[in-house]
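**Q** Chains as they are written, first to last, in UniProt numbering: chain A, 1 to 779; chain B, 1 to 289; chain C, 1 to 158.
Don't read these hints as lab results, they were simulated from the structure. Treat the hints with care, as some may be off.
[Said to hold, decoys possible] Straight-line alpha carbon distances no greater than 20 Å define the calculated DMTMM-like cross-link-like pairs of lysine to aspartate or glutamate that follow:
| id | chain 1 | residue 1 | chain 2 | residue 2 |
| --- | --- | --- | --- | --- |
| 1 | A | Lys180 | A | Asp392 |
| 2 | B | Lys253 | A | Glu773 |
| 3 | A | Lys486 | C | Asp83 |
| 4 | C | Lys152 | C | Asp94 |
| 5 | A | Lys448 | A | Glu565 |
| 6 | A | Lys58 | A | Glu70 |
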Amino acid sequence: METRQIGRPLTRNEDPRLLTGRALFVDDVELPGMLHAAFLRSPHARAAIRSIDTDAAKARAGVVAVITAEDLGEYWQPGPLLVPPPPIKGMVFRQRCQVPLAKGEVRHVGEPVVMVVAESRYVAEDAVGDIVVEYEPLPPVIGLEAALSSDSPRVHADLPDNIAADVHQAKGDYAAARAKAAHLIRRRFTYDRGASNPMETRGIVAQWDHKAEKLTVWDTTQAPVFIRNGLAAMLGLSERQVRVVAPFIGGGFGPKMMMFYPEEVLVPWMALRLDRPVKWIEDRLEHFTATTQERSQVHDCELALDARGKILGVRDDFLMDTGAYNPYGLTVPLNSQCTLLNCYDVPAYDSRFRAIYTNRTLVTPYRGAGRQHGIFVMERMLDAAARELGLDRAEIRRRNLIPADAFPYHNELIYQDFAPLTYDSGNYAPILDKALHAIGYAEFAAEKAKARAEGRHLGLGVVCYVEGTGIGPYEGAKVRVQASGKVTLATGVGTQGQGHFTSFAQVVAEQLGVDVRDVEVTTGDTDVFDWGAGTFASRGAVVTGSAAHGAAVEVRTKILKTAAEHFECAEADLVLADGAVSIAGVPENRITLGELARLANPMRGAVKPGTVPGLEATSYFGPQMGATAAGAHAMVIEIDAQTMRPTILRYVVVHDCGTVLNPLILSGQIQGGVAQGIGNAFFEELVWTDDGQLLNASLADYLLPTALDVPRMDVLHTETPSPLNPLGTKGAGEGGAIPVGALFAQAIEDALDLPARGIEVSEIPLSPSRLWEICNPSG
Amino acid sequence: MKPAPFDWHAPESVAEALALKARHGEDARFLAGGQSLVPAMNFRIAQPAVLVDLNRVAGLDAIAVGADGSLTIGAMARNAAIERHAGAVKSHPILAEALHEVAHPQVRNRGTLGGNLSHADPASEMPAVMLALAARFLIRSARGERQVAAAEFFLGPLTTALELDEMLAEIRLPPLPPRSGTAWLEIARRRGEYAMMGVAAVVTRDAAGICTAVRLACCSAGPTPMAAPKAAASLVGTKLTDADLAQAAALLKQEIAPTGSVQASPAYQRHLAGVIAARALATAWERAA
Amino acid sequence: MRRRVTLSINGDAVTREVEPRLLLSDFIRHEAGLTGTHVGCEHGVCGACTIRLDGAPVRSCLIFAVQAEGHEVRTVESLGTPDALSVLQQAFRDAHGLQCGYCTPGILMTMTAFLEENPDPGEEAVRHALSGNLCRCTGYQHIVDAVLLAAKRLRETA
Ligand SMILES: Cc1cc2nc3c(=O)[nH]c(=O)nc-3n(C[C@H](O)[C@H](O)[C@H](O)COP(=O)(O)OP(=O)(O)OC[C@H]3O[C@@H](n4cnc5c(N)ncnc54)[C@H](O)[C@@H]3O)c2cc1C
Ligand code: FES
Ligand code: FES
């Protein structure tokens, strides 16, 4: 009997270490003779650097090195373009990547200007205070529309304007759709910035071992293999001479995927030059301006519908703030552009976006990565359309869902993975129905009326979303049975809390008939496995999980072959279970996996020519395209109509991400995503002045939701397997966060009956104060 | 985010602490719970050369209820200790009610009332509560001691009547008259956050159910905690009907001067003040019964 | 400027020469080598650095190491071991109360103290007690479940 491991709500293998404080995080790395780095960062959004005086800093006791851009010589290079843009006809794309230390001009608050290395972080910070930089402040580029005007200052003087990209994509014939439309809805939306704020900030420790001629780097990166390859190239070392370890990481959410951060370039270089280990741990203040952020977007959208409320076409034109540099290419705006179509059958789409350079912190993907913006626009448009047509908001959605028999469904646009956007599989109507049922949609009108009679304001929201997940290029995995009978699995991705030590172990255990606790997973150590792209875009479970599956299937084959030779029987007569192989019906005729591993790796005697030793296999998996997960969120909110304080009374998530590897871990991912979505919708706002200063760069002023702000949620599933990978799974990392802004907007409008007062909510983030202003435009 | 260097002194008596502060003057700061000072030092917004740590000074953390229902609280009494002090909860329940909204349990385990008041953050709950309770502060220095009424203590944002060599030693709260009720109400974005608006209400009624005295004060309503004497006076002689409350709320909105923050616009703050003043007064009135 | 201090951490005396400005969080992590206590903000908001000082949960990033002399410091390392988790730790594992685990030590120290005083808490009380600890991964629901589960198990064995 084989036990199924996939789909079980197993507790996690990694937890005992984490719970007892024994797991290694980057800042836990302690090395003899270690030095500590700190950075002087630009206090200006845009300024010319006139002079830098580091004499006093260098003279301070305990300071070992003070480095400016000039001191870097040839090593000073703009970072690589991380994600080259896909080939879209007629697009404009102008790449400007971040530099290790600012030279001549600073382009955002927080950009590093001088690096200090000292005997302690305390002294390094003292020395930063000793440095005198003479800046000539220049007018910064902050507002998106202002950035486009012909007399705007330019973020990059060598470019003709502030346009980083101008991309137009279309599906069908929007002009024709518009011409025959019974209703045209037009709206403008803004969706502002947020910061990822994982509880662990970024950090790097680098150590050069001059005897072994080997550089070891501990990095909070989500992509250790790329960092290893890049560092080796930059430093003129062979890839074998560089080991990058991404140990336990205290949350990633995307920005830890950015490469290369200036500090990532500089700390290893320093360690080599000084021949002493160097550590830099980002502090929370630095995190607010030096770690990449979410995007600001402004959308102008038009929706064409027929008389019954069926969508004929959508036209959207949006601006996106990409910050001072754009190493991540078009990933974020393409996500917005493609995800806007959501789960609906939209025959015609005409979409243009312009990415704009501004003197603000860089924008790269953060959980959702632009998808929430697209979803916000489409869901808000449908709410407006429902009102105009006198349709129920659930009904207008139902009428437009892509029918279950229309998959694979082609949206034709080029997606961030360079492939034409195609939804692999889905069955959307049951998702919406389940959400409506669970939230009590049918009974809500009565509930709302009853509450209103008591002076309470209840509102309901229900929105749908899709999530492009599990994109390529590929990941790999190596599975090996050890002589002890335990199994090891190594992959190149890093892990930031997604439970990979357990879900990957389940995938392997399922094939090898071993206890999940006996599968030891190593992630993020390039000396153990050094192929792969990284943990991003909800791809870990899908792509790496599939690679692990492939490797485990191969090892299983080897096990059965070796055992068949041992027992001199046919493979079909063998049973692999409980860490051993036995002959069917003769359980006493049994050999353990450990013994088989030893047989497969003999010390003496001859093996057949062509034999590969060991019970080991390495497998790679690259999906032909991303898998599209889907879901719906519904919530009932109560708002104090006088203070505008919201209380979430019920929250329902229905999610379809194909085959579920571990429902416990999945529900955790979704709940965490919703919490970040709630933060984004109602708590978190980066407040900038017109001259590019961030006013709330602390966790006291940038409000992450607490246990009192995030409600208990009901997480339900439907399962439509993906045909794109052997496990049938789709990613689930971002779905929780994506639709929450749209959900809040709708529920708030409902609770306060805003449309009846001629008011709509067309922006995120919200706050009680902002909501009050929206409701009381005259103050 | 590491603090700049400083000299640290940990005196064991008040006299020693005062002598140290007198000697170092402007360069020195008292260190109480450190829950405002140390974050500022970690950000290097504050870089005192000398810290006079009050945590080892004996006898500064007493909490005592007088026979008349008055309450004295030593400056170094931890917020958590006040919150849990049965006598204080009974004599001045608004203290615990407001303290419950001050930060989180871990911060209240360390932070002190004296430190909170000396810090004089206009967004803080406790200065407003002190105004509403007509507190008096015992201030000591090597030169002697003096008492200052709460209304004269708070001079501006992070600015108090304390001279450079002075220490806030004790907080003295007069007893609440019979048939008094109190309420603290605030609207913050998250629990434990500084409030966007907070109101302390203290009302007293006579045996016939007529209001005889009211004190009102707000936090986050101006450069200092803001009392609202006109609004309070308008309620004396009334029964705090909805109409009375609406009128008082309207007056209070004129008496405060909110300046706005990253979380709230001034107009919204003023609006909130009216809403929650009426609610706090109604609650206090009920409790006075 | 340096001073010699001896701190009692989890019952062990640790003596070092330190500057008065050294934060207790840094002393615990980098002088005593107890890296289970994490640092997330160094301004008192996130709660990752929460330890117990004479039994009371406090932020170790807002106390100077020199101030802790003569007091009893307890960190996450004083709870269970991987093979013998404390009841609360086990409940966190069973209820999936952690993802990246970075916030977890501070939460365990906060909630261990909370459960000692509140053996039979309701969900609201647990959420209030938790509100001084930020977690960016879990959405808190499984943490709340874990604390309630631990309370139940502790009551059953009491
Ligand atoms: C996460 C967090 C959230 C918070 N939220 C709130 C909140 O919602 N509301 C709120 O009111 N507060 C809040 N606080 C601040 C907290 O209440 C502080 O404890 C308080 O403001 C200062 O008290 P302390 O004892 O810590 O003083 P310290 O930080 O030690 O000192 C503060 C200032 O007062 C001076 N001082 C201290 N004692 C004396 C004395 N006896 N005589 C003269 N001067 C003295 C110091 O030199 C210093 O300048 C928060 C703090 C944190 C970390
Ligand atoms: S690190 Fe101490 S509270 Fe965040
Ligand atoms: S588990 Fe990652 S911050 Fe809480």
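**Q** Identify every previously stated hint that the structure contradicts and give their numbers, smallest first.
**A** 1, 5
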